[in-house]
Structures are given as C-alpha cells and as structure tokens.
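From these two lone chains plus the hints, build me the complex, please.
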Amino acid sequence: MTSDDKLNMRILICIGGGPEAYASLRYAVRLSKTACADIALLYVRPLDSGLNSGGMEVRVARENVLDWGLELPGLRQLKAARDILVELGEIEPGAKREWKHSEIKGDPAGEYIRDYENPCGGIISLRLRTAKDVTTAVSDEAKRFKADVVIVGASPEPMTGLRKLFSRKPLALQIAAHAHCSVIVARNLEPGRNHLVCVQDTDQSRAMLPMVSRYFQSCRYPLSILSVAPTEADLASARKAAQEAAQILGELGTTPAEILVEVGDPVETIITIGYDFSLILASESLKPWFAKGFSVSHEVAEKARNSVMIVK
Amino acid sequence: MYSARTVIHFLREKRWFFLTLAIQAAMLLLPPPEGVTQEGWRVLVMTVGATILFITEPIPLPAVALLIILGQVFLLGLDSSLVAKSLMKDSVLFIMGSLMLAVALVKQKLDKRLALLIIKVTGSSTYAIAFGISVFSGLLASFIGEHTVAAMMLPVALSLIQLATDDAKQQRALAVLFLFSISYACAMAGIGTPSGGARNAIMIDYLRDFFYAPDDPATHGYSVSYLHWMIYAYPIFLIQLPLMHLILRRTFKTDLRDLGPAVAKLREQVGSEGALTGRHYVAIVLFLLTLAGWVGFSSKYGMGTIAILGAVLFLVTGLVRWQDLNSGVNWGVVLLYAAAISLGVQMRDTGAAAWVAGMFMDGLAPFGLNTGLGLLAAVMLLTTFITNTMSNGAAVAVLGPIVLTIALATESNPLAVGMVTAISSAFAYFTVIGTPASTIVYSSGYLRPTDFMKVGWRMALMSFIVLLTASKLYWPLIGL
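Protein sequences, first through last, are from chains A and B.
Under full-length UniProt numbering, the residues of the first sequence are numbered 1 to 312, in order.
Under full-length UniProt numbering, the residues of the second sequence are numbered 1 to 480, in order.
These are calculated hints, taken from the structure and not from any lab test.
By construction, the Cβ of each residue, glycine as well, lies at the ideal position given by its N, Cα and C atoms.
Among the hints, a few may not be true.
As the list claims (entries may be wrong) - SDA-like cross-link-like pairs, simulated, lysine to any residue; straight-line CA separation at most 25 Å:
id	chain 1	residue 1	chain 2	residue 2
1	A	K132	B	G332
2	A	K132	B	M88
3	A	K287	B	K14
4	A	K312	B	L11
5	B	K169	A	G293
6	A	K100	B	Q162
7	A	K132	B	F17
As the list claims (entries may be wrong) - From the derived model, a few chain A residues whose C-beta atoms are all more than 10 Å from chain B:
id	residue
8	K33
9	N52
10	G55
11	W68
12	H101
13	T136
14	R193
15	R206
16	R239
Next comes chain B alone, as it looks inside the complex (with noise of 0.2 Å):
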C-alpha cells in the first residue's frame, strides 16, 4: 500500500511531467491558430512539450523520446513503421558510432602520455599550462568528439591542482583556470569538423534533407562534406582559442604562477607508465583511420557509417570490450535525439516549423533583424539561450528545422543560418548543462554554477563577435 506521504512525494518529484500534460491537454483543446494544421498544431504541442521534458527532466529521458515516437503514432496518426524509419539517420549513426570511439579512446589511457605531451611543450608557468591544455583540448576535441577529451583531460588538470597545493582556495584557483581551459576549448573545437558533436552530424542531416535534391546540381552544396564544414568553422575555433585564454587569465587569476614542483611529481607519478605500447599505437592508428575515412569518404558512406566501422574496428581488435561501450553509452540519449530528429522532419512536414518561423520573423521585422547579418544575429542569440538550458545536440535538434524554414522564407542562405546555428550552439557558457564537456569538469567538484555566469558573458561576447565578422567577412570569401 503506498501512503499519502509516497503519493505526496511521487507527484512533487514528477511535478513537471504532470505540468507539461496539462499544458499539453490545454493546447489541444484550443482551436489550432491561424495559418496552422490540425496535424501542424499537434506536432507543436508535442515539441513544447517534449523542450519542457528535456529541461526539467522530470522522467527518464529515454521515456521522453518513447513518447515522441507513440504521440507520432496515435496524435499524428502515422504508420508505425513509416516513425520506426524516420528514426534512423546518417547522424543518429553517427552519434552512436562517435559515442562508441569515445568510449574506446579514453579506456585506452592515452591521457597520461598526453600529460606527459602538454608539460614537455609548455615547462612548469601556470598560464602556459592553462594554454597549453586548451590548445590539446581543443585540437583533439575538434576531432574526437569534446566528451572524450574532456574525459581524459579531467585526471590531467585534477592531478596539477592537487599537487601544487593544500591550500584549499588556491586550489579552486587553478582549478577554474584549469577546468575553464579543458570545457571552453573542447566546446568551441567541437564546431571545427563534423566530427566534433552530435550537433553538427545533426544540422549536416537538416541541410540534406531541406535543400539537397541529388538531381539538382545546384543545391549540391547542401550536401556538405567534412573537409567544405573545415573550411566554413575551423578558423572561427582558432581565432576564439587564444581569445579564450586571455579572458580567463583576466577572469580567473592566480597566485601560483609557477607549478614547478607539480609539473616533476606529475611527471613522475606518470612517467612511470612507461613509453608507449603497441596497442597504443594501434588505437592511434584506427583513430587516425577513422578520421581519414570521414574526410575522404563520408560524403559517399555517410558519416555515421565511417563512425560505426571506427567502433567495429576497436572490438575487434581487442582494444575495448562491448561491455565498456554498453555501459558507457548513454543508449537512451542516442533513442532521443533520433526522436528529436524524426519530430523536427515532422515539424517541417506538417508546416509548424513555417508558422513558428512566421512568428519568429514577424516579431524580428520591426527591429529589422529579419534579414541578412540581422538575422544570423537574431538566430545567433536564439540559439545562444535554447543551448544554455538543454543540450547542445538537442537545442540543434529543435532549432534546425526552424531556423532553416527561415532561412527559406526569407530567401537567405540557409547553409549560413545553418552554420550559425550549429556553431553558436557551442556557445553554452553559462551553464553547466550547456555542454559536455562542461557537465564532465564540472562533475569534479571544484566549479561553481555562478563561476559559468562570470566568465560566461565575456566569453559569449566575444565569440558573437567574432562568429558575425566571420560571417560578414570570411564566409563571402569562400563563397558559403
């Protein structure tokens, strides 16, 4: 029997599950408004509902992602297999496979080699340690994904902050220097390749199936390829990454200048470890396998296929267990951004995306922000608020189809609203769910959330900045 006290319990814990079905019940009693479908209508109540889910997390995420797919079944009235199909992607692949190497590159223990890498290069001063880890940081993640380095990055910024110091406030010091370096340079190199996030693999998707027609040589650009998504977002990484640092070295600043007794206990704990072995030049070896595949052949086996074959390769050889990728592997994250997929080709399909772009355009007219930089601007800022409260993958997920019906209406260039999109999704610096990488160092105990509120608006700044010189000057010049 459960009592008063569980029941009392159970729905204050769910309080916001039961919220959103109300406010879902709510909006489908109401007359569809003007210019939207009943099947339109439908599809937006599900996205408000499932966007409130993603934030508050009052259930299982997984479970959120099971009720896209039955609220597509039985408000949308679908065929079942039609939604089973809609879920599988090139990106979703792509997620799962990427989320696979992830796994199998940290459970190889490069980090303390790479440790051993970051003090050779940079000697003991502090602020070149803080540089030297972004530029690693940033580096590896704009390849690997940002949740593999921040992963093997963490142990490598814990162990320097504990051993340069006992002293409880200079380690939270150089803890937020530390720390900052790692997420900030991980979430801004995850925009460099396609490679680096979800969010890219998911907005490459978008593009494809808006604007690609394979008879149609002129929208064959839609259709972006590794190397062309390089060209458009690598230099923006490189210009933000030295930026990054001189804002927090103003931000965060630290007695410690010298970490020289640290820097040879460190070398010394991990130089232990030996050289490197052969199985760390095989993993070494199918990373960089992998990575040429994406470059050379994903634009004809897709991405995700590349991926998946990375994550074949590591089982095969030995080199990770499947029981260290199952459980490593958040599976119900990669059901839900399938759904959230499949939802926003429903949103297109249906029209919800157009109305809400309708709206989105009719309240930026007045400030004429519907139009050119205006509107990368506006669509910046959007993105910019919906990546700070959920997900970076998820804020692309939501925003794309809208976004880029936008971009339509307004006869923009998608693939620029497309890019901006993708990349100010990296501009998460607020929170701490924002991004990955954020949500990992984060996870050490050291940071504070307010600590993401006071760097976070220097580091917003300037990349807006540097996002909208990028797209006035250095985009036109590629022809993007």
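This is chain A alone, in the form it adopts within the complex (with noise of 0.2 Å):
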C-alpha cells in the first residue's frame, strides 16, 4: 500500500434531508483538495407500495414523467448539489455525462449514477436509490462504496420534551447506529475551525486512533485532545488516556496543537467545549445498535449543535 492509497478517502454524503448535507459540500471538498476523496452523493427514494397506488405501478407514473423529458424526483436535489461542486470548481462547469441505470431494488425507473472527474483524478458520483428503509439503503449503500465516511445532515435543534419522546429517533442517528463505518452527524458543518477528538482509557478508543490520524492527514485542520474524567478519582486515567492518544497519534504522524483534560459529565463537558470546533470526534460505543443512544459519543451526537463524527 503507497501513503497515497492511505490518504485516499472515501466519502458518501446523503443529500435529501434538509440544507445541512449541502453545507457539508464545502467541508468534503476540502477533503478532497489534500486528500483527492471519492466523494458519493446519495439521494434515497422510498419505493412505491402497489397497494397504495391501487395496484396500478407508480413507476407507469414515473415512466410517463420520463416521457416528458422531466426529472424524477430525487435528480433535482442530487443536480443542486452538482451545481454546488461545479461552483466550488470539483466538476468542470460544462462537464456532462450521461445517467446510467442500475437496478439494485429492481424498480426500473428509480436507480441511476452519474460519475464525474475531479481535477486530481478522483471520483464524484451523484446517486439515485430507491429502497424502502433510508437508513439500510445508506448502510448498504456505504459498503457498495466501500466508504471512509457517510456524512449525513440533523437538525441543528436537538428535540427535546413531548416531541422527542413521540417522535422516532432522527435519521441521521440511525444511520450512525447503523453504518458500518464513520459517520459525521453534520450540523452547520463548513471548514474552518479546529477538531476535538475525545478519548478515554478505553481499548475501543485507542483502536479509533489510526482512523483519526488518516482522517486528519486527509483534511489537515489542527487538532486538540480532551479527555473527560467524570469524577476527581477519575482524573489520573483521563489524563493517562490524553497523553497516550497524543503520543499515538504522533507515532502515526498528528501532532495535536492541544491536550484538554476536564472533570465533570462526559457529555456536557464535550458538548460545552466542542462548541467552539468544526467537528467533534468520539470513539463507537461497543453496545449493541439498539442501546446505542446510551452511549456518550451516541449522546453527544444527539444534543450537540455542531457537528459530530462517530468513529468506527
């Protein structure tokens, strides 16, 4: 394997969810200036229920758009966000290439891929995808790109009260529980500021190390360790857990520009101090998908109101 081969990221970003997942353009395209990623965008359509359209195939429907020379719906979000890439100088402006259909959940008129070169060579693809959960059709669709990264956007209100006990968990938290490697909870998520990794006296949380240090060789942005200890006693092993991060990562070619050890609840701590980054990075939590919202870094995805990578 070449450094380049190590260096080479690859990033699918779900567009459809609101503005959030456009912001984060910018921040994968920064990405991809240092790093030269395969950047994925991927528009996910539910598929049509027979019984709803009365037995009639709501693709007869979507055929007859397509006779008309009009988009089907998911084309138009996956196009504004070409244009963002074109205007960001990712796509040539007058670059065009046709769709190819694929036919992964077998509905004729609802799976398509359009590739498009970067200038450093790699690869931006827009993709259309019907499947009738979002959340497995991310997964899936994760490790058909074999991706680095999914980055999907949340609401930057976390719910709270009644609406969020009769609400369902928010997508982008599914998909994190779910995929099967890092995902970043985007928020407001543009370049910029300096990322906060958390780690703690945890194998799990030496193991996402190498991760990081790929991760920030890719995108370069200074970075600072915190370390939580959630009582005085525990401040020994927060602090032992800072300095052995930074001495890995350091190994492995990162030098942090700071070391934070704080005392106090993990999650309130984190969400606090990593206001003021770009990005706050946390290690998975070893529970399984269901508990997963009982975890810190599951926790401080939910309530933080900037961005959060879950690294796997």
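Listed below in structure tokens is the structure:
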C-alpha cells in the first residue's frame, strides 16, 4: 500500500434530508483537495407500494414523467448538489455525463448513477437509490461504495420534551448506529475551525486513533485532544488517556495542537467545550445498535449544536 | 453463514410481522368472547392480523393474501377448492381489467393533447389552470379510474411548474396547488361511477352477496347498476369539486398569478406532437365502447367482464403490449383484494361481522348514533379513519361486511350505509397512502406529508357536510 492509498478517502454524503447536507459539501471538498477523495452523493427515495397506488405500479406514472423529459424526484436534489460542486471547482462547468441506470432494488424507473472526475483524478458520483428503509439503504450503499466516512445532515436544534418522546429517532442518528464506517452527524459543517478528538482510557478509544490520524492527514486541520474524567478520582486515568492518545497520534504522524483534561459530566463537558470546534470526534460505542443512544458518543451526536463524527 | 448483525437487521425489519404473529397467538389462546363462535373468533384473529400487515407492510402484500388463503384452509378448516372459488368474483375481475385498461390508456400518450386542451380552455391564469386541471382530472377519473388520470396529469402539472419559474419556493407553492388539484379531484371523482375505483366494485359485490336474491323482486335494488350508482353518487362529486378548488386556493396561495410564459412554452413543447393520430382515435373509441358496455350491459354480464373485454380489445388491436400490462399492473394487489373480499365473506358467514357490528353499535348507542343520520355519520367517521391508514379499496373490503351487518341489525337502509361507506372511503385527505392518486402525485417529490394534514381537515369537513346533506336531502328524493 502506498502513502497515497492510505490518504485516499471515500466519502458518502446523504442528500435530501435538509440543507445541512449541502453545507457539508464544502467540507467534503476540502478533504478532496488534500486527499483526492472519492465523493458519492446519495439520494434515497422510498420504494413505491403497489397497494397504495391501487394496484397500478407508480412506475407507470414515473415512466410517463420521464417520457415528457422531466426529472425524477431526487435527481433535482442531486443536481443542486452537483451545481455547488461546480461552483467549488470540483466538477468542470460544462462537464456532461449520462445517467447510468442500475437496478439494485428492481425499480426500473428509480435507480441511477452519474460519475464525474474531479481535477485531482478522484471520482464524484451522484447516486439515486430506491429503498423501503433509508437507514438500511445508506448502510448498504456505504458498504458498496466502501466508504470511509458517511456524512448525514441533522437538525441544528435537537429534539426535546414530548416531541422527542413521540418522534422517531432522527435519521442521522439511526445511520450513525447502523453504518459500518465512521459517520459525521453534520450541523453547519463548514471548514474553518479546529477539530476536537475525545478520548478515554479504553481499548475502543485507542483503536480509533489510526482512523483519526488518517482522517487528519487528509483534512489537515489542527486538532485538540479532550479527555473528561467523570469525577476527581478518575482524573489520573483521563490524563493517561490523553497523553497516550497524543503519543499514538504523534507516532502516526499527527501532532495535536493542544491537550485538554476536564472533570465533569462527559456528555455535557464535551458539548460545551466542543462548541468552539468545527467537528467533535468520538469513538463508537461497543453497545448493540438499540442501546447506542445511551453511549457518550451517540448522546453527544444527539445533543450537540455542531457536527459530531462517530469514529468506527 | 448469517452474522448476528444480519439476524438483528432481519428481526428489526420484520418486527411488525413477528408482533402480529404474537398478537394473533395470544388471541387464539384466549377463549372466544361471548357471542362469537370458535370459527368466527378465528376469522377475527385473521382479520386483525391482515389489517396490521396491510398498514405496516413488513412482508410483501401478496404474501398477506396468501396467508389469508392458508388461514382459511388450516385455521377455519375450509375445503381448498371452496376457498379458491371464493377468491374470484366479478369485483376482482373488474379490478384486474380496469388496472389493465389504466396502463393501456396511459401508454397511449394522450396526456400531451389533454394538456393542450386544458390550457386552451383555461387561459394562463394560475387559479384558472388549477381549476381546469381539477375539472378535467375529476371528469376523467370518475370514469376511467383515478390512478390512470393521476399518472396522465402528473407530467402536465410538473411541466407547468418547472416551466413557470426556477425559484424553488415558488415552484413548491405552485406544486401544492396543482398536484392537490389532481389528487383530490381524482379521489372525490373516483366515487362518481362504479368504474371509478376498486372500492365501488367491492361494495357492489358485497351488496349483492349480502342482500340480493334473484327470486325476490324486493331485493333487486341491491344489485346496483352502473346508472343507478351514478345517480346516487355523481351529484355529490360535482358539488364537492368547486368547493375543493376554493379550499385549495385559500390554503395554498401563490404569488405567480399568471403563467403566460409557461403556457406558451408548454404549447410549443407539446404542440410539436401534432394532432391526434388514427391510433389515438382507436384508443378513444375502444374506451368509449367499454364505457358504453359498463352503462348498458354490466347488470347482465358484470362490470368485471366488460373491463376484461376492454383490456382484451386494447391487446388485440396492438395498442398495448402484454409486457406493458404485465409490468404495469401489480398482480399481487389483485390477489390481495381477492383474499380480503374472501375474508369479508367469512366474516359474514361465521357471524364475526355481526359480533363486531354489535360492539360498534353498543359504543354508538349512548351518543344516539346507532340509527338514522347519526349512524351514517358514525360510519362516515369510521371509514374516514380507516381509509387514511390503508388504501381505500382495502378499507372498503375490510369494513364492508361490518357496516352492512350494522345496517341489517339497526334496520337502517343497507344501500345508504353501503354508499356512505364507499363514498367516505374517498375522504383519505390526510395521508399520502389514502388514495392511489395521492400516492402518485406524492411520488413527484414536491409534496410533504404535512401538506396533506394542512389541507386535509378542511377537505374532510367540507366532504362530511356535503355527504350528510346529500344523504338527508338528496337520496330520499330519488328513493334511495
């Protein structure tokens, strides 16, 4: 494996959940500039139900729409994302590519891919998929694309109170719990500020550091290390975790800009300190998918007002 | 080897299926409630399971149909040939034939000529176009089925929206106005004639099955003809149509009052298609012949036979290929309707429908809603609730036996109760899945589920008032 191979990132961005995903494009482009990342923009449309359409396949209507030269839903959103990438210089303004049809879920009027090459030779692909369940579709596509990172937009205002009780878990958090690779829960994800890596004295935390190093060599943002001790008694362990992380990262070629050790509630402390950073990074929990919501990293991803990356 | 993750994923995806099985198992372990036979209880267990699976769709819907068939053989102990026989009725033939006709008509590309006709009549005013779209959609959908019209009108509306402006906000404002003009007009028109939708054919079959006896002239009114259905229901649709437009106008205001440039571009685009060709004329004639067959001969030969004949004529003349019909019709849904109707018949035969009807009436009695207009209002509310959670055809298939038994028990007019059920199954204004037309326009990607809620309650209130008024003032006048 060459050093270039190590740097090359594959980023999957979910389009369609709201404006946050479009904002994260600039961030992905920054990664692309330094690491020549492959970027896939994914729009997932729900599968049509034959019963709901009274027995006539919705596909008949979709084919009629295509016959008029109109675009399928999803293509509009993907094209808007493509236009942003054109503005950012990742796609040549006049570049024309045909949509390639694919039939992953068997919908002949639903699934398309369009590929572009960016200036450094990476591939930017627009992908339209159909699926019954968006979370599963994104997880599947992340595997198929061999993504290193999935970026999915989340509401800037976390749900609280009764609304939270009666609402489904936000899509971004569901994807964060199910995807095989690292997931960025994006809120105003703009390049510009430093990144904060949260560590603990656990094997899981140490295991994420090679991925973190690889990521930072791609984006080249200054990083800070934060370790939070729940009580004064845990302070020694927290210091050890921070120092150890700095050493491991240093050996991997990433030198942290600062090391912070705090005492307090881990979730609240990380959210408070992390607010000044572009991105908070925390390691994935070892809990099963249905219990991940009770882990520090997923709680931070749920409650933070800025972006959080759950590193796997 | 399946990994634990795959198994967990499978269980998560199928959770409603397993929950349904658990509920059914728990119900089967309980002794039947007083007044229900063992067979009736088993039918109710199957109905509860089927309804949950209709709504949540954890397994493919044709599989639900097959489970109903298996349940009738294994749980109820019925002879498999009898079960097979109970699946195929005229209403099922009608559903099959009308779906084939729907695909055949959409494939004729008549929509571009239709677009030209609409803008020629309405001019370029936004609201006039919206009203024109709903009038054309409604008139067509009342005869040829709402999914056909929604599929034909969808590109007309989308073209106008995209040609009118590039501003996403203004596009959405136009989209909600135009797309709801299509879907609500189609939904309320679908009840105008028996050929407007599967639910009407299902109710006609139930009315015949429950009340019609060839040797008793007093029951002949329950064999509802095409023309009689129109006399009962068409005026209700015609009254609702302009009211619907006013509600949409008030709910979804747009700054784009004139679509002159968009209309000109559309005229240029679709005008290049030229005039109607011989093929188009043949298609129109074939459909008119089918329509004439429904009006004139469906009492004798059945609506299903006429629909199948129409589809065969389209195939024989080469206007549509079997491949198109085969891929455009969801045959699983046809099977599902067949199984649901068959289950409905078992609900009646085992007394399960009577027991549920009794429970329903006991609940209504304290409010004085168990007779007369109150009963009709209660049936309307119940149907509206059910039809917003599942397709309107399935809602009528599930509710039909229950409401007709209620009519029998309360000595109400079964025809009026049946018509109210069928008509209010069109009041699926609150959800995307309520009617086929709503599902089709929602597939454009311009609408949000909350849009349906925003306008739905106004539409439902208007429709309730119109239907109750019609059942109180109009139906008695015409002897229903």
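Results of checking the hints against the structure:
1. Our distance criterion of 25 Å between C-alpha atoms is met by A:K132 and B:G332, whose separation comes to about 17 Å.
2. Taking the CA atoms of A:K132 and B:M88, the gap is about 31 Å. The hint is violated against a cut of 25 Å.
3. A threshold of 25 Å between alpha carbons decides the hint, and for A:K287 with B:K14 the separation of about 22 Å falls inside it, so the pair holds.
4. Restraint check for A:K312 and B:L11: satisfied, since their Cα atoms lie roughly 24 Å apart, inside the 25 Å limit.
5. Our distance criterion of 25 Å between C-alpha atoms is broken by B:K169 and A:G293, whose separation comes to about 36 Å.
6. For the given pair, A:K100 sits about 24 Å from B:Q162 by alpha-carbon distance, which is consistent with the 25 Å threshold.
7. Between A:K132 and B:F17 the CA atoms are separated by roughly 15 Å; this keeps the pair inside 25 Å, and the hint holds.
8. At the 10 Å boundary, the C-beta of A:K33 stays outside the reach of chain B, the nearest C-beta of that chain being 29 Å off.
9. For A:N52, the non-interface assignment is contradicted: its Cβ lies about 4 Å from the closest Cβ of chain B, within the 10 Å cut-off.
10. Residue placement check: A:G55 does not keep its beta carbon more than 10 Å from all beta carbons of chain B (closest about 4 Å).
11. With a closest Cβ-Cβ approach of about 4 Å to chain B, A:W68 is found to fall inside the 10 Å limit, against its non-interface label.
12. Once the 10 Å rule is applied to beta carbons, A:H101 is consistent with being away from chain B; the minimum gap is 15 Å.
13. At roughly 7 Å, the least C-beta separation between A:T136 and chain B is not larger than 10 Å, which violates its mark as non-interface.
14. Every CB of chain B is more than 10 Å from the CB of A:R193 (nearest about 30 Å), matching its label as outside the interface.
15. Distance check for A:R206 against chain B: the nearest CB is about 23 Å away, which clears 10 Å, and the non-interface claim stands.
16. Distance check on A:R239: its Cβ is at least 36 Å (rounded) from any Cβ of chain B, clearing the 10 Å threshold; non-interface status holds.
Going through the hint list in order, the structure does not satisfy hints 2, 5, 9, 10, 11 and 13.
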